[in-house]
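Engineer: Chains as they are written, first to last, in this note's numbering: chain A, 54 to 135; chain B, 97 to 200.
Quick caveat, the hints were computed from the structure, so don't treat them as lab data. Mixed in with the good hints there might be a few duds.
[As the list claims (entries may be wrong)] Derived, one-sided and incomplete: chain A residues facing chain B with beta-carbon distance under 10 Å:
1) Ala87
2) Val91
3) Ser93
4) Ser94
5) Ala96
6) Gly97
7) Tyr108
8) Arg114
9) Gly116
10) His120
11) Ala121
12) Val128
Positions of the beta carbon are idealized from the N, C-alpha and C atoms, including for glycine.
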Amino acid sequence: MPMAASEIEALIKAAIPDAEVTIRDLAGDGDHYAARVVSSSFAGLSRIRQHQAVYAALGGRVGGELHALQLETAVPDTENIP
Amino acid sequence: MTDTNDRIAEIVKSNDIVLFMKGTALFPQCGFSSRAVAILDRLGANYETVDVLQDPEIRQGIKAFSEWPTVPQLYVKGEFVGGSDIMMEMFESGELQQLVGAEA
Numbered sequence: 054m055p056m057a058a059s060e061i062e063a064l065i066k067a068a069i070p071d072a073e074v075t076i077r078d079l080a081g082d083g084d085h086y087a088a089r090v091v092s093s094s095f096a097g098l099s100r101i102r103q104h105q106a107v108y109a110a111l112g113g114r115v116g117g118e119l120h121a122l123q124l125e126t127a128v129p130d131t132e133n134i135p
Numbered sequence: 097m098t099d100t101n102d103r104i105a106e107i108v109k110s111n112d113i114v115l116f117m118k119g120t121a122l123f124p125q126c127g128f129s130s131r132a133v134a135i136l137d138r139l140g141a142n143y144e145t146v147d148v149l150q151d152p153e154i155r156q157g158i159k160a161f162s163e164w165p166t167v168p169q170l171y172v173k174g175e176f177v178g179g180s181d182i183m184m185e186m187f188e189s190g191e192l193q194q195l196v197g198a199e200a
């Protein structure tokens, strides 16, 4: 079941209010997206924990409704994740 | 469920570098798995793969095991490293090379 990019963004922002979310539809089929999520709440978290926070925001849709979400997370104003 | 967990734990424990993926290293069945294999090959890593498409219990169980919803998943020395996005980031920063190169 395809999902709209705006829906993905809304779900992420609902769970991570300060998140800056950029979404690209990779295949144009509403099923393969890439998302970049920047949030200060990621500070001090490992990459795994940052990604898990986004997966949690999407409430089990990744791997199901959403075949896969190419994900990049970052803390504001840093090139690399600490 | 617990049996599956034990099986996965055993696989992770007994292989220094193991990739749970869709398909095989030679014939990946998904773009993300293909990317993960390409990264490990590029690093010259000596790794094992587990084809989750051949084992429905592991395919489901691995998600609970790592609290991670997707495959591929890379484990190095018993630790969950991440999926293909994290592998790519760590490859680009040189961290993955360090992680897998230590024992190569």
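Engineer: Now tell me if each hint is right for this structure.
Structural biologist: Each hint, compared with the structure:
1. Ala87: holds, 9 Å
2. Val91: Cβ of valine 91 of chain A sits 14 Å from chain B, so the hint is violated.
3. Ser93: Nearest chain B Cβ about 19 Å off; hint violated.
4. Ser94: For serine 94 of chain A, the interface hint is violated, since the closest Cβ of chain B sits about 18 Å away, which is over 10 Å.
5. Ala96: Where the cut-off is 10 Å and the nearest Cβ of chain B is about 17 Å from alanine 96 of chain A, the hint is violated.
6. Gly97: Since chain B brings no Cβ nearer than about 17 Å to glycine 97 of chain A, farther than 10 Å, the hint is violated.
7. Tyr108: Holds: closest Cβ of chain B sits about 5 Å from tyrosine 108 of chain A, inside 10 Å.
8. Arg114: holds, 9 Å
9. Gly116: holds, 4 Å
10. His120: holds, 9 Å
11. Ala121: holds, 6 Å
12. Val128: violated, 13 Å
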